[in-house]
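Asker: Guided by the hints, dock chain A onto chain H, whose structure is given.
Residue numbers (the working numbering), protein chains in the order written: chain H, 424 to 713; chain A, 6 to 292.
Simulated from the structure, these hints should not be mistaken for lab results.
Note that the Cβ used here is the ideal one computed from N, Cα and C, for glycine as well.
There could be a bad hint or two in this list.
Some chain A residues close to chain H (C-beta under 10 Å, calculated; not the full set) [claimed, not checked]: (1) V116; (2) L118; (3) R122; (4) V129; (5) S150; (6) A174; (7) L198; (8) F219; (9) R254.
Covered stretches of chain A, going by a simulated chain H footprint (3 or more residues, C-beta under 8 Å) [as the list claims (entries may be wrong)]: (10) 49 to 59; (11) 67 to 76; (12) 188 to 194; (13) 207 to 217; (14) 223 to 235.
Taking lysine-lysine pairs in the BS3-like style, the calculated list, with each CA pair at most 27 Å apart, reads [unchecked claim]: (15) A:K78 with A:K66; (16) H:K430 with A:K208; (17) H:K524 with A:K215.
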Amino acid sequence: MRWRAFKARLAPYYLVLPGWLWLVIFFVVPLLFMLSVSTMTGNILDGFKQTWHLSTYVDAWNSYHTQIIRSLIYGLIATAVCLIIAYPIAYWIAFRGGRHKQVYLFLLLLPFFVSFVIRTQSWEFMLDDHGMVVGLLRTFGLVGSNFHILQTPVAVIGGLIYNFMPFTVLPIYVALERVDPALLEASSDLYANKASAFLRVIFPLSIPGVFAAVLLTFVPVASDYVNAQILGGGTNTTMVGTIIESQYLTNLDYPTAASLSFILMAVLLIGIFLYARLLGTEDAMEMAGA
Amino acid sequence: MTTLTAEVVKPPEPTAPPAPRRRRRFNGRWVLPTWLALVILWLVAPIIVMAVYGFNDGNGKVVSTTWQGFTFKWYTNIFAYSDLTDALVNSITIALITTAIATVLGTLMGVALGRWRFRGAGSVNLLLFANIAAPEVVLGAALLSMFLTLGVPRGYLTIILAHVMFSVAFVVVTVRARMAGLDPALEEASRDLGAGAITTFFKVTLPVIKSGVFAGALLAFAMSIDDYIITSFNNGSTQTFPLWVWGARNRLAGSVPPQVNVMGTLIFVVGVLLAITGAISNRRKAA
Chain H
424 MRWRAFKARL APYYLVLPGW LWLVIFFVVP LLFMLSVSTM TGNILDGFKQ
474 TWHLSTYVDA WNSYHTQIIR SLIYGLIATA VCLIIAYPIA YWIAFRGGRH
524 KQVYLFLLLL PFFVSFVIRT QSWEFMLDDH GMVVGLLRTF GLVGSNFHIL
574 QTPVAVIGGL IYNFMPFTVL PIYVALERVD PALLEASSDL YANKASAFLR
624 VIFPLSIPGV FAAVLLTFVP VASDYVNAQI LGGGTNTTMV GTIIESQYLT
674 NLDYPTAASL SFILMAVLLI GIFLYARLLG TEDAMEMAGA
Chain A
6 MTTLTAEVVK PPEPTAPPAP RRRRRFNGRW VLPTWLALVI LWLVAPIIVM
56 AVYGFNDGNG KVVSTTWQGF TFKWYTNIFA YSDLTDALVN SITIALITTA
106 IATVLGTLMG VALGRWRFRG AGSVNLLLFA NIAAPEVVLG AALLSMFLTL
156 GVPRGYLTII LAHVMFSVAF VVVTVRARMA GLDPALEEAS RDLGAGAITT
206 FFKVTLPVIK SGVFAGALLA FAMSIDDYII TSFNNGSTQT FPLWVWGARN
256 RLAGSVPPQV NVMGTLIFVV GVLLAITGAI SNRRKAA
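Extracted from the complex, chain H is given alone in its bound form (with noise of 0.2 Å):
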């Protein structure tokens, strides 16, 4: 009987392990590897030697910093964009979407049954100086022949707000979901008007899925190299991302790779805690599916 206990209590244990090797190997253990890799020197034909160097990390640093940050800025515009986009159909569709709820989220999902390169490639080929975007600025003469939207700055947000906006809706609409229609009718028993009623029931509840959210965005837009690479031209809008795979790919120079893909976390991870500090939820983590 204590046998069968002590087997019924193994049961968790058995089911997880397999998913829990998987990624144990395959993604813990690579970040070693990689921790490794980025205190080696040497170069791709003479071989690289682990020395426990940390110069690369300094070097990367002075050579990619406008990069790094350029990401952060990037992906901070992004990221509100996608807020102030996201909060008002995930409110209307959590308190208002009726029936059809499920139909209006499958219809904000429908970007993802297209390939991220293709729909990226999509948009390169709408904002064409010959294209349909332009073309039709140009046709109704509101822009000038010089006008450009391709290789700026703002091509390359845009694309990111593109890419990454349904995952800004679905954890700010998980969250509203979750709020009882209930506390709406007790404020506005209690003479809440719809702003306050907003403003001192409903957001506060609803932060969780906004730190999920803005978790979610943030973290792919800033480390994101295609849509650089596709709309964005030139140096003058090359993100951190690029740097990573040319280092790795192009040029062979792993250790640097490796030194900026762990600065590229690292600030990552200071910015999420920092964040997290600063609004204090618990259960942030938990709405971002963990």
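Answerer: Relative to the frame of chain H, chain A by itself:
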């Protein structure tokens, strides 16, 4: 010329006296639905453009930015580029294998985390959270670091390893959320009636959480077939659909052949149909 247009554009004078306008209060009810409609339009605009230009005639090397006439040419010639076809087949098979593995592993984890409170559950949740929150470029670069250090050749297999790694946590999250709606008494009743743990899982637990498992599987499939960043670090010489498109863009100065539009459109249509049938059949079973 300019004066002429100006005259034409000039609006005609209203003949009838303006109707007495009732002072209407601005109706705020329509603001948010309009906003939602505009956003959905913005979200689908590039998809519509992709689909429409898949029917655009032209020389076939790249999609023409101007409309050359309607054609089905690219649909009948969809497999004109054999390496593009190979890349698409790779993408589909990789996504199917990834979905199978990630759904099994993720469902088991999700069931355990949703069903029991056990020592270590917190750290498993933290691991999942870190996996979801980590930037893709870091995930890809870290895996490549390991493969390079250990001398593992990159290719089809490493792509699958990577895809399961980044999609499994999403399956866990959807399944775990669904487990919250499962009454533990149901499972206990099944066990009391003499069903074994495995029978109980398939006859009681799985039917209840099926919509969560389905949603998780769909998510895993979509993430796998869509992924560019992590795959580009670990593909070796194996091509997937997004990687081929990226390569074509680099060769063709930022353009792609029309077959890409056609394949993108077909993937979109199949994906949407699958999702809709799945949702409907789930709803029907639940009712």
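Asker: Now tell me if each hint is right for this structure.
Answerer: Now for the hints, and whether the structure bears them out:
no., hint, verdict
1, V116, "6 Å, holds"
2, L118, "7 Å, holds"
3, R122, "9 Å, holds"
4, V129, "6 Å, holds"
5, S150, "4 Å, holds"
6, A174, "7 Å, holds"
7, L198, "17 Å, violated"
8, F219, "14 Å, violated"
9, R254, "7 Å, holds"
10, 49 to 59, "holds (count 7)"
11, 67 to 76, "holds (count 3)"
12, 188 to 194, "violated (count 0)"
13, 207 to 217, "violated (count 0)"
14, 223 to 235, "holds (count 6)"
15, A:K78 with A:K66, "13 Å, holds"
16, H:K430 with A:K208, "21 Å, holds"
17, H:K524 with A:K215, "20 Å, holds"
Of the hints listed earlier, those the structure fails to meet are numbers 7, 8, 12 and 13, in rising order.
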